[in-house]
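Residues in the sequence shown are numbered from 830 upward in steps of one, following the working numbering.
Think of the hints as simulated: they come from the structure by calculation, not from any bench. Predicted, not measured: the structure shown is a model, and the values here were computed from it. Among the clues, some could well be false.
Below, a list of computed lysine-lysine pairs in the DSS-like style, where the Cα atoms sit at most 25 Å apart [as the list claims (entries may be wrong)]: (1) 1154 with 1171; (2) 1160 with 888; (3) 1246 with 1160; (4) 1310 with 1330; (5) 1160 with 1171.
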Amino acid sequence: MLLKLAAIVGCLAGLQLLYRVFKHVTSPLRSVPGPFLARFTDLWYFRALWKAKFEVVNKELHQKYGPIIRYGPNRYSFDDVTAAKTIYSHGTQFAKSDWYEAWSKPGVWNLFAERDITQHSKYRRQFQTEYSMSSLVEYEPFVDECAAVFDQRLQELSQCGLPVNMGHWMQCYAFDVIGCITFSKRLGFLDQGLDIGGVISAIENALVYSSLVGIYPFLHPYLFSFIGWLVGGGTGYVFAYTTQCMEEHQAAAQVMDVDEKPIPGRARDFISKFVAKHHRDPDVFTPEHIMEGCSNNMIAGSDTTAISLSAILYYLLKNPNTLAKLREEVKAAQLAAGTSSKDIPFKMSQAMPYLQAVIKEALRMHPATGLPIERVVPVGGATIAGRFFPQGSVVGVNTWIEHRNPRIFGEDANEFKPERWLSDDTEKVSFMNRHWMPFGLGSRTCIGRHISHLEISKLIPRLVRDYDFELAGDLDKNEWKTDNYWFVKPTNFSVRIIARKGS
C-alpha cells in the first residue's frame, strides 16, 4: 500500500514538473534570469528562505543577473528605481500574493493578511483614526510610563557589569508600551525581563512557519491544524488577555463619559476607543473588530519596533562620532527648552533634525522586513522596469534592495550616513524619501508606523543622554548576526550598559 502511495505521489510530482517545464518554455518571461531550479520549482525559494539570509541572497542575485531576477517559477524581484512606484503606489491594483494567506488563522481575517483590495480598504478605514498622527499625543503618557520602568532595569543591569541581550530588552520595552497603549496596563515584560506567556517565542515560531508555508499556501489549512500549538501557544495568551480586558470594558469605555467624550486629564487607550466605537455602531464595528484591533496591536506591534530600536542603537555604537553629535543635540534641545525632565516630549524629538536623520538612516540600513513584498500583476498585465509582465505574475521589491540602491542613495549607499538626509539639495532628499520604505509604500503601509515612530523618537534620545553602551563579544570588530524570516532580527546584540553621571 505504501509503495502504491509513493508511486502515486512520485507520478504527480513528475507531472507537475513536466507542466512547469512546459509552462516555462512557453512563457514570455522565460528569459528573465535567475537560479536554474527557480525556473521550475518554488523549492529553490523555500530552501533559500530556510537559511534565514534571503536579504543577502536577494542582493547577490541582482548583482549576478541584473535589475530583474526570478526567485521562483512565477516570482520576480526588482532592483530598479521605477519598480516600487509602479507596484505599490496609491491607486494601483496590485493585490497581495497568496503568500500572505499563511499569516492568519484559517478562516479568520486580519488586516495584514487581507488580500482583497476593496475589503482591505474598508477594514483599514474602520481602524485608521486610532493610529493617526493626531492620536499620538494621547499615547505619550503610556510611553513615558514604560520608559521609566525601562530606565530602572537599565540602571540595575549597569550595576552588574555583565553583557546583556539588548535586542531582548528592546522587545520587552516595545511589548509593554503597546500593552499600555492598548489596555492601559503593562503585560510585565519590563518588570520581569521574561517572555511573558511565551509570547515572544510564539511570534518567532509563527514568523518561521508563515514565511515558509506561505510559499505553499494550499498547505496552510492542513498544517496549521496539526502544528497550531507551535505557532499559536503564546499568541493564545494574547487573545485570552484581550478577552479579559474586553470583559472589563463591557459596560462602557473606562475613559469616556456618558456622551463618549474624552474625560479631561485621562489618557485613552485603544480598547476604550474601540469599545466606544462599538457602542456607537455595534453592527459595523463588532466585538470581532475589537478583538482584531487589540490582539493585532500586541502580536504585530513589538517585533518591528524592537528591531528598529536595536538597529538605531547598533549603528550609533558602530559610529561613535554620530553618537556624540546626537548626544549634543539632545543636550542642547533640553537646555533651549529649559527642562531637565527625564521624559523626552514627542514634540521636542520632532524638532531634533539630527535625531530624525539618525532614525531614518538606521531604518534605511536595517529595515525590519527582508523579503520581497509580493504583489500580483492585475488584469491586463503591467510594464515594470521596462518589461511587460502578464497578469498573475508575482512581483515585488525587497526593502533591503531598494534601500541600498546607489542610483537612489548615492555611491555610499552601503554606509551609515545620517547627514544624507540633511542635505541642502531638497530635490535629492525628496527623491530619497520616495524610496524610503521600512513601513511599506502606498495603501498597504504599516498602520502602526506612527506609534512605532513615537516609541522610537522618545526612547533613543533618552538612552544616549543617560547611558553609555559597549558592544560585547566581537561586535566591535564584526557585523552583528541576524535571522531573516520576514523580519531581519538580530541574534547577538550583546552590550554592556554604563550609567552616565547624573542620569
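Against the structure, the hints come out as follows:
{"no.": "1", "hint": "1154 with 1171", "verdict": "holds (19 Å)"}
{"no.": "2", "hint": "1160 with 888", "verdict": "violated (40 Å)"}
{"no.": "3", "hint": "1246 with 1160", "verdict": "holds (21 Å)"}
{"no.": "4", "hint": "1310 with 1330", "verdict": "violated (32 Å)"}
{"no.": "5", "hint": "1160 with 1171", "verdict": "holds (12 Å)"}
Violated hints for the displayed structure, listed by number in ascending order: 2, 4.
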